[in-house]
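Fit chain E to the known structure of chain H by using the hints.
Listed below are the residues making up each chain.
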Amino acid sequence: MSDIINLTLSALIDKIKKKELSSQEITNAYIARAEKSKDLNTYITTDFENAIEKAKKFDEKANFDYKLPGVPLAVKDLFCTNNLKTTAGSKILSNFIPSYESTVTQHLWDEGAILLGKLNCDEFAMGSSNETSFFGNVESPVGKKVVPGGSSGGSASALAAKLTPATIGTDTGGSIRQPASFTGTVGLKPTYGSCSRYGIVAFASSLDQAGPMTQDVSDAALILDVISKYDIKDSTSVNFKRGDYFKSLSSNIKGKKIGIPKEYRVDGMPKEIESLWQDGITLLKNLGAKIIDISLPHTNYALPAYYIVAPAEASSNLARYDGVKYGYRSEGENLISMYENTRSEGFGDEVKRRIMIGTYVLSSGYYDAYYLKAQKIRRLIKNDFDEAYKSVDAILTPSTPSSAFKIGDKTDDPVSMYLNDIFTVPVNLSGLPAISIPAGKDKNNYPLGLQLIGKAFEEQNLLNISYSMEKELSFKNNLQDWWIK
Amino acid sequence: MSIDLKTIKHIAKLSRISIDDKKAKELEKDLNSIFEFIEALNKVDTKKVDPLTSIAETSLKLRGDEVKTKNIREQILKNSPDENKDFFVVPKVVE
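Taken in order, these protein sequences are the chains called H and E. To convert, note that position 151 of the first sequence is 151 in this note's numbering; the numbers rise steadily by one, no gaps. Plus 1000 on top of the position in the second sequence (first one is 1) and you've got this note's numbering.
Keep in mind that the hints were calculated from the coordinates and are not lab data. Any given hint might turn out to be false.
Calculated cross-link-like contacts (lysine-lysine; reagent style DSS-like; alpha-carbon spacing at most 27 Å) [what the hints assert, rightly or not]:
id, chain 1, residue 1, chain 2, residue 2
1, E, Lys-1085, H, Lys-91
2, E, Lys-1009, H, Lys-91
3, H, Lys-410, H, Lys-91
4, E, Lys-1061, H, Lys-229
Remember, predicted model here, so these are calculated numbers, not experimental data.
Chain H with its partners taken away, still in its complex shape:
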């Protein structure tokens, strides 16, 4: 059984196809491990009984043509699942049972995957440490009382702890890549418009994007093959010619031009991050890539612009939670006080903070000074990338300015928490694809990640470069299973 949970997704699929393992054996192995790993608090909702039933059905009439034949998967609790509670980590949705399925999760089930359950996340995906969830903190398997990052913290923790062979998260400002970096896993944020947003609890609609979180780059390519599809139900879905990502993986990156942006060398960046980045540059050179120094001059303005755009869109998206048709309701003497009490009790502090910021920047008299200004800055940030891509194929940066920190370390100061996403946010503002791969460890043995940023819709290029690096890095988490009960 310990063999099963140590297999990558693609190795698992191989064994299923060769009939060396059944869907039931695999499903049972992951469920048994999850039962012993409750202390990590990765799951909000489990669906184990149904998963066992579905695995049994799969084995009785196995279809090996599927891309994910009988593979059990847990997903972030931001994806609506038909008939199964979907909370977005919030009290206000703590009893919400959707009557529809998100497009990306539907794609997983259509390719034979089986839902294990819903994974913890920051409330409405607002957070960088999974500490804003109504359902409690998630612990990272990389160390006791260490945050897994966020907002896809439950996903990252469950993946690193081998409670699911792969998972999917969502990334609005770094919510896939930062937790991947903190937990020694691979996280890919695809180009905006690649994966449908239909049925994903909305945070900031012009930035949100779903993507794979996996043990290695091949697995990310495999999941991307399944979830990246045009969808008429998402008005921002883009109908471009998608690649055959998994089959087209190649580790030949000779002659690829990789940009190194000088603005990402920030003040106070730990030496170990600096040397991780330098080692990444050396590795790429050795693999035959050409290193080019570039400048992305507006990088410093990305985070402040993000903290206008994202809360503005969030305040608008979250206006729907009023206690009328679904979700938590608090009583009030009239309709307005019912709304106010419901939202006051139903939302946590960070969500309320962002709704208030968003309401303020969109309020009468302030729109031009804040929201319009931020959109103009957003244009400048995108222009920086467009300019850089005239001379390079991809850009290499650290994924985060630090390694994982302890639970409670940054909760008192919102701005210090926001700084976690300094390297990931510019990517969302520009709609570009980016991947974080594990590349080393800090002095505490916590993982560190490198980020590769690609051109829009050129995920294959990004996957190939990271695939070739991964082979040479041969990163291992070597977790001691300390949380197992």
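Here is chain E on its own, set in the frame of chain H:
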């Protein structure tokens, strides 16, 4: 620029979130530190820059107005926070 307590209470009202004085003071501190951080944007001259309103510069596709999901009325009503048979119930609005 700083946001005072009165403004905090006004934003809370616009946001339909009830807050007490203690919470308002906390928010005053948090929002001011966040806006101090945001003010950095004023250093950039954006007079000649067009705002970026959408990354996926696609035109809206039309689709047929067809019913695709049927018979989920009960499933939807089950999520209603108030006991009812056929309606969503809210506090009395008309006297």
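Q) Can the restraint linking Lys-1009(E) and Lys-91(H) be considered satisfied, given a maximum Cα separation of 27 Å? A) With a Cα-Cα distance of about 23 Å, the restraint between Lys-1009(E) and Lys-91(H) holds, given a limit of 27 Å.
**Q.** Pair hint Lys-1085(E) and Lys-91(H), alpha-carbon separation not exceeding 27 Å
**A.** Holds. Lys-1085(E) to Lys-91(H) sits at ~25 Å (cutoff 27 Å).
(Q) Check the hint pairing Lys-1061(E) with Lys-229(H) against an upper bound of 27 Å on the C-alpha distance. (A) holds (16 Å)
Q) Is Lys-410(H) close enough to Lys-91(H), meaning Cα to Cα at most 27 Å? A) holds (22 Å)
Of the numbered hints given earlier, the model fails none.
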